[in-house]
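Undergrad: Go by the hints and put chain B onto chain A.
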Amino acid sequence: MELDPLFLSRLQFAFVIAFHILLPAFTVGLSSFILLLEGLHLATRDAAYLRLSVFWTRIFAVSFGMGVVSGIVMPFQFGTNWSRYTDATGNVLGPLFAYEGLVAFFLEAGFLGILLFGRKRVPPVAHFFSAAMVALGTLFSSFWILAANSWMQTPAGYEVIDGRYVPADWMAVIFNPSFPYRLVHTVVAFYLTTAFAVLGVTAWHIKHRVHLHEAQRALKMTVIFIAIVVPLQVVVGDLHGVNTLHHQPVKLAAMEGLWDTQSHAPAVLFAIPDEAAERNRSEVSIPTLASYYLGHSADTVVKGLKEAPPEDRPPVAPVFFAFRGMVGLGILMLITAWWGLWLHFRNRLTESRTYHNVCLAMIPAGFIAVLFGWTVTEVGRQPWVVYGLMRTRDAVSPSLTGTDVLTSIALYIVVYLIVFGAGIFYMVRLARAGPPEHVDVREPNLDERPARPLSGAHVDA
Amino acid sequence: MAVDLVPVWTVILGVAVFMYVLLDGFDLGVGILAPLAPDDDTRTLMMNTVAPIWDANETWLIMGGMGLLAAFPLAFAIIIPALYFPILLMLLGLIFRGVAFEFRLKKTSHRHWWDAAFFGGSAVATFFQGVVLGMYIQGFTVTGRVFSGTSFDWIAAFPIATGLGLLFGYTLLGATWLVMKTEGDLQQRSRRWALVALYGVLAFIAMVSIWTPVLHRQIADRWFSLPNMFYLALVPIATAAIAFATWRTLRGRADYFPFIGAMGLFAMCYLGLGISLFPYVVPYDVTLWDAAAEPKSQAFLLIGTLFLLPIIFMYLGWSYYVFRGKVTADVGYH
Chain A
1 MELDPLFLSR LQFAFVIAFH ILLPAFTVGL SSFILLLEGL HLATRDAAYL
51 RLSVFWTRIF AVSFGMGVVS GIVMPFQFGT NWSRYTDATG NVLGPLFAYE
101 GLVAFFLEAG FLGILLFGRK RVPPVAHFFS AAMVALGTLF SSFWILAANS
151 WMQTPAGYEV IDGRYVPADW MAVIFNPSFP YRLVHTVVAF YLTTAFAVLG
201 VTAWHIKHRV HLHEAQRALK MTVIFIAIVV PLQVVVGDLH GVNTLHHQPV
251 KLAAMEGLWD TQSHAPAVLF AIPDEAAERN RSEVSIPTLA SYYLGHSADT
301 VVKGLKEAPP EDRPPVAPVF FAFRGMVGLG ILMLITAWWG LWLHFRNRLT
351 ESRTYHNVCL AMIPAGFIAV LFGWTVTEVG RQPWVVYGLM RTRDAVSPSL
401 TGTDVLTSIA LYIVVYLIVF GAGIFYMVRL ARAGPPEHVD VREPNLDERP
451 ARPLSGAHVD A
Chain B
1 MAVDLVPVWT VILGVAVFMY VLLDGFDLGV GILAPLAPDD DTRTLMMNTV
51 APIWDANETW LIMGGMGLLA AFPLAFAIII PALYFPILLM LLGLIFRGVA
101 FEFRLKKTSH RHWWDAAFFG GSAVATFFQG VVLGMYIQGF TVTGRVFSGT
151 SFDWIAAFPI ATGLGLLFGY TLLGATWLVM KTEGDLQQRS RRWALVALYG
201 VLAFIAMVSI WTPVLHRQIA DRWFSLPNMF YLALVPIATA AIAFATWRTL
251 RGRADYFPFI GAMGLFAMCY LGLGISLFPY VVPYDVTLWD AAAEPKSQAF
301 LLIGTLFLLP IIFMYLGWSY YVFRGKVTAD VGYH
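Going line by line, the protein sequences match chains A and B. For what it's worth, the working numbering labels the leading residue of the first sequence as 1, then goes sequentially. For what it's worth, the working numbering labels the leading residue of the second sequence as 1, then goes sequentially.
Since the hints were derived computationally from the structure, they do not count as laboratory data. Honestly, I wouldn't trust all of these hints.
[Stated by the list, open to error] A few chain A positions that, by computed beta-carbon distances, are all more than 10 Å from chain B: (1) ILE17; (2) ALA156; (3) VAL187; (4) ARG217; (5) GLY237; (6) HIS246; (7) PRO266; (8) LEU269; (9) ARG279; (10) TYR293; (11) VAL327; (12) LEU334; (13) LEU341; (14) PHE367; (15) LEU411.
[As the list claims (entries may be wrong)] Chain B stretches covered by chain A per the calculated footprint, using a threshold of three residues with CB under 8 Å from any CB of chain A: (16) 72 to 80; (17) 134 to 147.
Note that beta-carbon positions come from the ideal geometry of N, C-alpha and C, so glycine has one too.
With the rest of the complex left out, here is chain A (with noise of 0.2 Å):
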């Protein structure tokens, strides 16, 4: 069998960013959720507050350096394996990665230092600051990037110079048509992957009555914003959704299932996509309804596949299914949420057994969501690399040789499965542990906390 380089480098690209993007998908939210504590915790004194904050910054410690370590891989990653796309798209595209480097990487690396190790060198609010800056910093990272991404999917204010993208407006260039829902979307999803990684190991202390006093607090304090955010994620989506009606329309019509152009398009709850014969198997569908939540109108026009020639079509089961994915987790994300609400109304917040099993088991939800939405919008952007402009096929590094990227993509999986392996596997320790006893901010104090033992952990019933 003849090794491809192309198709190799599609499979390495997808698993590093796979990985990589669990972990922004994490610090995103663990940022600011830190910064929310440490505010609370300057302005009522509370030291319940810096416990959790302390808590939580020893697991953010482990996911970021591991965000770093694994986000260098990317840059590097279009010179190697996609240097005509970069050879085509530098001068549109490398300022804005560029800007991501001057705006955010540097403020979250500088000042991640004082965040970890600062405590007791700076003043309170100047390890506030510190903590905001480093905050500020993954958001500023999510625009750049993603402003990126999205100039890939609905390409703007360019022009083509001997074949090569060479930038006309550069407002029109960043704020490309599909940035603003995309940045919204996937800046809240990052935001609920934190909070629900946080409730669940919240609810996990509860259950084993550790922790009980900065447990109680953090789990309604999760509980309140699950509660608003994941209904706006929701409407969101939909924006997002009809945006790539707009923009994508073969993307959306291969999220939606739908084979021909019609008004009343039909909501297909569950089919088995059939690319040869251009139609669904096994249909299970609601009549009208996509034409109601895309256009708020029964008459709305849904393009089909059909529309564009086969070539031009994105894989259609993964990005189906993917999308599928998603939005059932969304929904059960909204259950969770809304039940936890009910439970705090009704006071049984940290009584309900049931419910800490529920978001012990919604840990992943969000890490997962996050994938299938991933896929979904770059499966969903197929054959093209830049959307309607540049095969996928017309990307790869011309020198490569199929054994060149199998060599690469098995080291990679090697050195992630150990990495990651042992991350997880620490930050799982770390929760565990759960929030220390005391916290000192003036005296110097080297003992590196050993985790505890259960057993010997501190009960504040």
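TA: Leaving out everything else, chain B in the frame of chain A:
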């Protein structure tokens, strides 16, 4: 646009890459020296000297890479695929080095494993950065706008020699950093490590200085033609002077000078490299001007860079200031 921004971007990118080499250079050097620590506490202390700042230092690598992509996209599109395996292995090395900071502090039975990862990651990343340097001096096979060599061009005597040379170079930076940041027994050990590294560095500087003009006629012409030879001779003379001063202060009591001297040696080598290779950004086919991005792209990024770089230097400076002075055993984690 009338103003030629290529010289400005050449300087900015040159500074970014040099910042990376100096700053992550001493971090990686500390990693290479870690196995020589007499005991576990000393090793923790060595790592604590760089733990709060390694991430910021490594950020210059992204800045160098992304700056190259933004300002000279054609150079990025040719050089990076040409360095496929050196870059891959460097990145994997940096991954192990980076996570080891956090992972080894979680007291478990795998601690020695992460100690090995810290050393191995640092050494592998350093070696392959040296290989990249050697490949760069060796030059790339280019056809049209694409790299047309193979992914194994790095397996050659010169890149492997520069890889070994950089191991000594970063070890010198790391050891002199430790001389500056520590006291007592560890400082004395660091002085001895630095001396050994200094001898290695000088041997490799001499070797590369002879090998490079032999490898490339145009580099020989640049250095050894008149009148160039008169003022370019200042570079080797300054290098020798800095080397001597570093050697003297390492054998004496000065805490700070050896590190400054080591940085000076790197600056001289970097300057020499620039003199040899100018005006090529992809030696010896594509010049800085051939590879330059559209003026509109260079200008758009320049506006923000000129505004942001001073701010970045300010807060990075503050971070270094917060963690200034000797690192002692009671400087805790988190």
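Undergrad: Run through the hints listed earlier and report the numbers of any the structure violates, in increasing order.
TA: 15
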